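**Q** Here is how the chains run, residue by residue.
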Amino acid sequence: MAKQITRGKGNGTGAKQRVPGERLAKVQGSALWTSIFRPGSIFRKGYTDSPRNRSYVIMNSVLFHLHPVKVKRHAVKVSYTLCLGGLSFFLFIHLTVTGIFLMFFYRPTAAQAWNDISSLQTSVTFGLLVRNMHRWAAHLMVLSVFLHMARVFYHGAYKPPREFNWVIGIILLTLTLLLSFTGYLLPWDQLALWAVTVGTNMMGYTPVFGSQVRFVLLGGAEIGTDTLLRWYVLHVLMFPFFIVIFMAIHFWRVRKDGGISGPL
Amino acid sequence: MTEIPEHLLQRAKERRARLSGQGGGASTGDPGATESQASADDGEKIPAHLLQRSAEAGGQGAAAAASVATAAPATAAPATAAPVAAPGPAAVGPAGHTQRLLTVVKAGSIQDVKATPSDKVHVWPHLLVVEFVAALSMTAFLLVFSMFVNAPLLGLANPNLTPNPSKAPWYFLGLQELLTMFHPMVAGVTIPGMGLIALGAAGYIDKNPSQKPEDRKFAVTILTVFLMFWATLVIIGSFFRGEGFNFIMPWEQGVHDIFDF
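Line by line, the protein sequences give chains A and B. Per the working numbering, the first sequence starts with residue 1, numbered consecutively. Per the working numbering, the second sequence starts with residue 1001, numbered consecutively.
Calculated from the structure, these hints are not laboratory results. As the structure is a prediction and not an experimental result, all values here were calculated from the model. One or more hints might be untrue.
As the list claims (entries may be wrong) - Listed next, the in silico BS3-like pairs over lysine-lysine satisfying Cα-Cα at most 30 Å (straight line): (1) A:Lys256 to B:Lys1217; (2) A:Lys45 to A:Lys26; (3) A:Lys72 to B:Lys1013.
Please take these sequences and the hints and turn them into a complete structure.
**A** Take a look at the structure:
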């Protein structure tokens, strides 16, 4: 394989000719390159499309080995899953990346939050665009998680042996809503303040210890700068931490329970 | 008892015939006689000399009148005489065999194949390509949408200025709608709490094992009604609620703030 590439067609001219891909082949043959890409990687020298290499691509990649090497044929059909679970996960990654960007320009205090968002939009390169993407991806994630739940229900995939994973899924839906809701307050504008006021007033009606729940959530009797800090920590650290753990269990259980549910 | 496959019986028969042919030819030189003897043996499952030996051993205990008639010519003496009487046939089989087929263990009883073949495809490239395209399309959509539609940023939060109406985020607007009909504890805590618990317990409540929509009309109907009910409440809350959370038509106040959520 390598010889074919470096020697070209072998037409016997003898002189050193530049053949397209020669340098790439040299780089791919280097010790550094082969130490980075494990056997079976599509970036390795001499990758060929064989059943063995197709398996290696999955097994030897930290990212892809979430998947099994093979799946049922119907599971690949877009019309079956509509990609909703995968898109929810992808949107989560998207939100993490854009969220990290936003954190560089944001201070969670009542005196600074709104100004930070405002100047992010006007004086930070791509600040407005990234903020927009974060916002719309968040709404899309709520929607896609919700639709994923509906899809799974309509396919009867919540039934044994997947009944526990369905419970994990409901927890993930709740965490998604909580992540979205805690993020809602952070711009500290009129929309944020009053939407959260309506929401937390409802939680204050929890039986027996309603006022305590509200006090803990707000960090005081009214929404203020303490609430902002509290919800910021929940939004960027605590809920992401929990949702990642539950996502790991969710994906792991999908495989342990025999892959996605069978065709109808 | 496992029955012996036909081809093994056939092979044993041929082997026996050949051996008896050799042995018979050497000793008596009369192939016809051995042939008839072999064919006479065929019908019997148990060789004659073994039957004889067991009869001798049995004769010792059960000295019934009927058995005496058969045993009498073979053994006048008690069973101790039997080994002396038949040393030849015990060491070698009926037709010179040194081995005997005791039983046949069929493959199925020791190699139980549980895995049924299924139609599977490699994740790379079949699934990963689909996922990659889906992720790419989603990114493209988000990028283009975000270039044209800005996320809302209203005026600085002011606790002394309550906007009218004050609305929760859209996914909680169903609950806010319920708030207009029920006590806050029922609308804000009891109904959503019970709903989430009921939803989570679906896998334990629903005992119907079928996945086919035609077998589970009740479950499908329940969820569809629930989803439609919820979607209707969210739409009403988003577009049909004006000042004082009163019912209005969406065009009465314009749609300039349609993306303010």
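**Q** None of the hints should be skipped; say for each whether it holds.
**A** Hint by hint, here is what the structure shows:
1. A:Lys256 to B:Lys1217: 29 Å, holds
2. A:Lys45 to A:Lys26: This hinted pair holds, its Cα atoms lying about 9 Å apart.
3. A:Lys72 to B:Lys1013: 50 Å, violated
Hint compliance for this structure: hint 3 is the single one not met.
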